[in-house]
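*Asks:* Each chain is listed here by its residues.
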Amino acid sequence: MDTQVTNTTQASSRLWSFANPSRFLAFADRTIPILSIATLLLFVIGLYMAINAPEDYKQGSSVQIMFVHVPAAWLAMMIYTIMACSAIGSIVWRHPLADVSIRAAAPLGAAFTLLALITGSLWGKPTWGTWWEWDARMTSVLIQLLIYLGLIALSRAFEEPSEGAQPLAIMTLTGFIIVPIVKFSVDWWNTLHQPASVMRFDGPTMDPAYLYPLIVMAIAYTSLFFTLHLMNMRNEILDRRIRAMKMSVARGEV
Amino acid sequence: MFGEHASYVIFAYLISATVLALVVLITQHSYRRKLVELEVLESNGIRRRSANTNKDRNQ
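As they're listed, the protein sequences go chains A and B. One point on numbering: in our numbering, the residue at position 88 of the first sequence is 89, and numbering is uninterrupted. One point on numbering: in our numbering, the residue at position 11 of the second sequence is 1395, and numbering is uninterrupted.
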């Protein structure tokens, strides 16, 4: 019994030591260059495939907007899901790195959501004849952008980051309701936006000439996000260190 | 090259590239600024409390 408890404690302490900010910084310093090179290569391949994709018989050349619009829209949802998982880590284990992860991801989520809206609008005009329509998909994505902006504002509203960790995590989890609404809005309501054509239970309905470049571009976008997320987390940790040092000077400890 | 909707396609790619490049540049610039700030604080003899504790522990 005692041995079992000791093993569990050791495993748990190994896990926590990995999540130690100093170890995380070393991990980020090692990983960021590798991820950056991989992202660059994926973008070169993805863009080459995207530019050379054939024109669609209905949409014409505007179909090429899909290769920058769809990955941005997927990431807008994926990033919020990562933030919601981090929020659970912040609420349940009160781990500072989980809070750092939420703060680092929110601006990136906002950027990708904004890109999804702009490129969607640019796709909508030649395809549907309108820049914007207040239909369920577009409106729910706009609400998602507002939630991201609200979370960014909340993350900066507290002078001491640790004081803001719990409110930020709770609001992040509450806002997660928007993710299934965005995803299923095209199924639940009658929208101008087309229903899912890649992430379907019965497999993608898209022709490989469009599907393959889309997948490569989606991996490139995802790789870019993870690179930027690590970079932002590293910045947030350094920011906290600088703050701690300045506070110790203010308290006269140095 | 981009057919009849070329202006929409090119603008979509340009705006995506610009926004993403800006995010990368801002993040990288912020990192460099923080490293400089940390260096200045450390050169003034200011240490983090946990860094001091680790040092004491190693001695």
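It is possible that some hints are incorrect.
The following label-pair restraints were derived from C-beta to C-beta distances [what the hints assert, rightly or not]: (1) B:R1417 with A:R24: 22 to 32 Å; (2) B:V1408 with A:R24: 40 to 50 Å; (3) B:T1402 with A:L143: 17 to 27 Å; (4) B:G1429 with A:R95: 50 to 60 Å; (5) B:L1398 with A:R252: 43 to 53 Å.
Hints are computed from structural coordinates only; laboratory data are not their basis. From the three backbone atoms N, C-alpha and C, an ideal C-beta is built for every residue, glycine too.
*Asks:* For every hint, state whether the structure bears it out.
*Replies:* Hints, one by one, checked against the model:
1. The hinted range of 22 to 32 Å is satisfied by B:R1417 and A:R24, whose Cβ atoms lie roughly 24 Å apart.
2. The supplied range of 40 to 50 Å is broken by B:V1408 and A:R24, whose beta-carbon atoms lie about 25 Å from each other.
3. A beta carbon spacing of about 21 Å between B:T1402 and A:L143 agrees with the range 17 to 27 Å that was offered as a hint.
4. Distance hint check: the CB atoms of B:G1429 and A:R95 are about 32 Å apart, inconsistent with the given range 50 to 60 Å.
5. Distance hint check: the CB atoms of B:L1398 and A:R252 are about 50 Å apart, consistent with the given range 43 to 53 Å.
Checked against the numbered hints above, the structure breaks hints 2 and 4 and satisfies the rest.
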